[in-house]
Amino acid sequence: MALKGNLRDFSVTQLLNLINLARKTGTLTLEGPNEAAWVSFREGKLIFAQLGNEDGTLTGILLKSGKITAKQAQLIKSHAGEKSDQELGLMLINAGYLNQHDILANIRQYILDIVYRLFTWIEGYFRFDADVLPPDDRITIRLDLENVIMEGSRRIREWEQLQEEIPNLDMALNFVDRPGANIRDVNLNVQEWKVVSYINPKNTIRQIAKTNRMNDLEIRRIVYGLLQAGLVEVVRPVGMPLPPQARQLPPVNKEQQASLVNRLINRIRSL
Amino acid sequence: MQTVKMVVTGPFNAGKTAFIQAISEIDVVSTERKISSEAERVKETTTVAMDFGRITVDDDLVLYLFGTPGQKRFDFMWEILSEGMLGFVVIVDSARPETFREAKGILQTFRAYAPTPYVVAANKQDRDDAWTVEDLRIALKLDRKIKMLPCVASDRESVKKVLLELLYSILEEMKEK
Chain A
257 MALKGNLRDF
267 SVTQLLNLIN
277 LARKTGTLTL
287 EGPNEAAWVS
297 FREGKLIFAQ
307 LGNEDGTLTG
317 ILLKSGKITA
327 KQAQLIKSHA
337 GEKSDQELGL
347 MLINAGYLNQ
357 HDILANIRQY
367 ILDIVYRLFT
377 WIEGYFRFDA
387 DVLPPDDRIT
397 IRLDLENVIM
407 EGSRRIREWE
417 QLQEEIPNLD
427 MALNFVDRPG
437 ANIRDVNLNV
447 QEWKVVSYIN
457 PKNTIRQIAK
467 TNRMNDLEIR
477 RIVYGLLQAG
487 LVEVVRPVGM
497 PLPPQARQLP
507 PVNKEQQASL
517 VNRLINRIRS
527 L
Chain B
190 MQTVKMVVTG
200 PFNAGKTAFI
210 QAISEIDVVS
220 TERKISSEAE
230 RVKETTTVAM
240 DFGRITVDDD
250 LVLYLFGTPG
260 QKRFDFMWEI
270 LSEGMLGFVV
280 IVDSARPETF
290 REAKGILQTF
300 RAYAPTPYVV
310 AANKQDRDDA
320 WTVEDLRIAL
330 KLDRKIKMLP
340 CVASDRESVK
350 KVLLELLYSI
360 LEEMKEK
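Chains as they are written, first to last, in my numbering: chain A, 257 to 527; chain B, 190 to 366.
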């Protein structure tokens with residue numbers, strides 16, 4: 257089954273939320289107005305990203321981050337020959353140029369920089385190909401998407417998007433009971449912690465904003481991030497009256513009602 | 190003669206008319222009109238007031254199925270149609286993510302009109318570009334407790350399964366009360 261569509265209808269944040277919650281493995285291809293990007297995941301964790309024709313090899317990443325000079329990059333390339341990124345990394349570690357931590361930190365930052373840029377893409381198409389992974393010769397990492405989504409949400413400037421996702425500030429929030437969803441593992445800033453500390457079905461989003469002296473945009477952006485990271489859910493606040501009940505089934509007696517529904521069930525089964 | 194009704198709702202071109210047509214014992218009384226808006230011209234006609242199907246249960250019980258108009262400008266009909274309903278089915282076109290946001294909105298609106306049981310039918314599951322039921326559940330932010338069923342609205346067996354699941358939900362809710 258395909259997973260494709262337009263970024264205008266389903267944003268990058270929503271896609272990452274889907275990949276995270278469904279623990280998907282595969283590659284997401286994004287075609288923006290000017291360039292394309294590929295982001296790969298294993299069981300819902302971010303492992304790799306490539307933007308357009310950028311040199312995403314280990315040499316290219318180290319050059320971009322300033323860890324090596326252009327001359328050194330050229331030298332490495334001429335010496336490395338057909339070596340994979342893993343072999344090349346090992347060669348650099350053994351030669352004492354870099355340690356493993358340096359290499360992984362640079363790859364991690366390179367991947368995150370690409371993904372954070374993608375949050376600003378609001379035009380273009382997406383397609384997710386299940387089980388398609390980056391080439392074997394690339395070094396992959398493993399990053400929790402909750403933190404990535406939170407950081408990406410901080411960069412959202414589209415009021416409409418936030419308004420659509422959180423139309424009613426008079427609703428409350430509750431922490432989700434999902435394996436792996438632990439708020440303590442997520443890097444939150446001070447403002448976000450202030451909001452988190454008031455999350456409780458008794459407090460509406462509006463009340464939390466007022467207590468923390470936040471405007472609508474500020475509170476929506478934080479709540480949006482927490483929602484998309486799958487850490488909280490919107491719930492009806494404690495004490496909020498339920499909508500008026502619809503008129504009941506014609507027979508008021510409970511047994512008669514059940515009998516009527518059973519007759520409907522039998523009839524539809526027989527069709 | 191006792192009559193009960195269920196409502197079939199969902200975004201424009203989700204498959205509501207086909208759903209009712211597949212199960213109704215009468216030709217669906219449809220109020221379709223040619224589409225005037227270019228933006229919505231993915232099909233030739235659309236429902237402007239309601240679709241209406243019937244299933245006779247026995248001599249003194251009839252089930253009516255009402256399909257709501259899909260276009261936003263006819264949403265004044267929704268509240269009228271939802272009054273006194275036994276439950277409702279929200280049909281989502283699994284192959285058109287551009288309609289998911291609207292589906293969420295319709296779902297919330299109907300929940301506000303009447304907190305009766307409902308199920309979500311992920312229609313057009315026979316198409317290659319259909320999203321899976323599990324992906325759709327996340328996209329629509331549907332709670333695990335809400336039944337979401339794969340569906341092909343033109344297939345009677347598929348429609349039967351959806352309606353039966355709705356009736357089971359209604360029965361369960363009665364027992365809980």
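These are computed hints drawn from the structure, not numbers from a lab.
Careful, some of the hints might be misleading.
Cut-off 20 Å, straight-line C-alpha distance, at most; resulting in silico cross-link-like pairs (DMTMM-like, lysine to aspartate or glutamate) [said to hold, decoys possible]: (1) K330(B) - E489(A); (2) K260(A) - D318(B); (3) K293(B) - D265(A); (4) K260(A) - E287(B); (5) K293(B) - E489(A); (6) K260(A) - D216(B).
To give an idea of the interface, some chain A residues facing chain B are shown, with a C-beta separation under 10 Å as derived from the structure [as the list claims (entries may be wrong)]: (7) K301; (8) F384; (9) N522.
Residues from chain B that keep clear of chain A, each with C-beta distances beyond 10 Å, as calculated [what the hints assert, rightly or not]: (10) I215; (11) D216; (12) I269; (13) K334; (14) I335; (15) L338; (16) L353; (17) L356; (18) K366.
Predicted model, so just to flag it, every value in this text is computed and none were measured.
For every residue, glycine included, the Cβ atom is placed at its ideal position computed from N, Cα and C.
Going down the list of hints, with the structure as the test:
no., hint, in the structure
1, K330(B) - E489(A), "holds (9 Å)"
2, K260(A) - D318(B), "holds (8 Å)"
3, K293(B) - D265(A), "holds (13 Å)"
4, K260(A) - E287(B), "holds (11 Å)"
5, K293(B) - E489(A), "holds (15 Å)"
6, K260(A) - D216(B), "violated (36 Å)"
7, K301, "violated (17 Å)"
8, F384, "holds (9 Å)"
9, N522, "holds (8 Å)"
10, I215, "holds (13 Å)"
11, D216, "holds (16 Å)"
12, I269, "holds (13 Å)"
13, K334, "holds (12 Å)"
14, I335, "holds (13 Å)"
15, L338, "holds (14 Å)"
16, L353, "violated (6 Å)"
17, L356, "violated (5 Å)"
18, K366, "violated (8 Å)"
Of the numbered hints given earlier, the model fails hints 6, 7, 16, 17, 18; all others are met.
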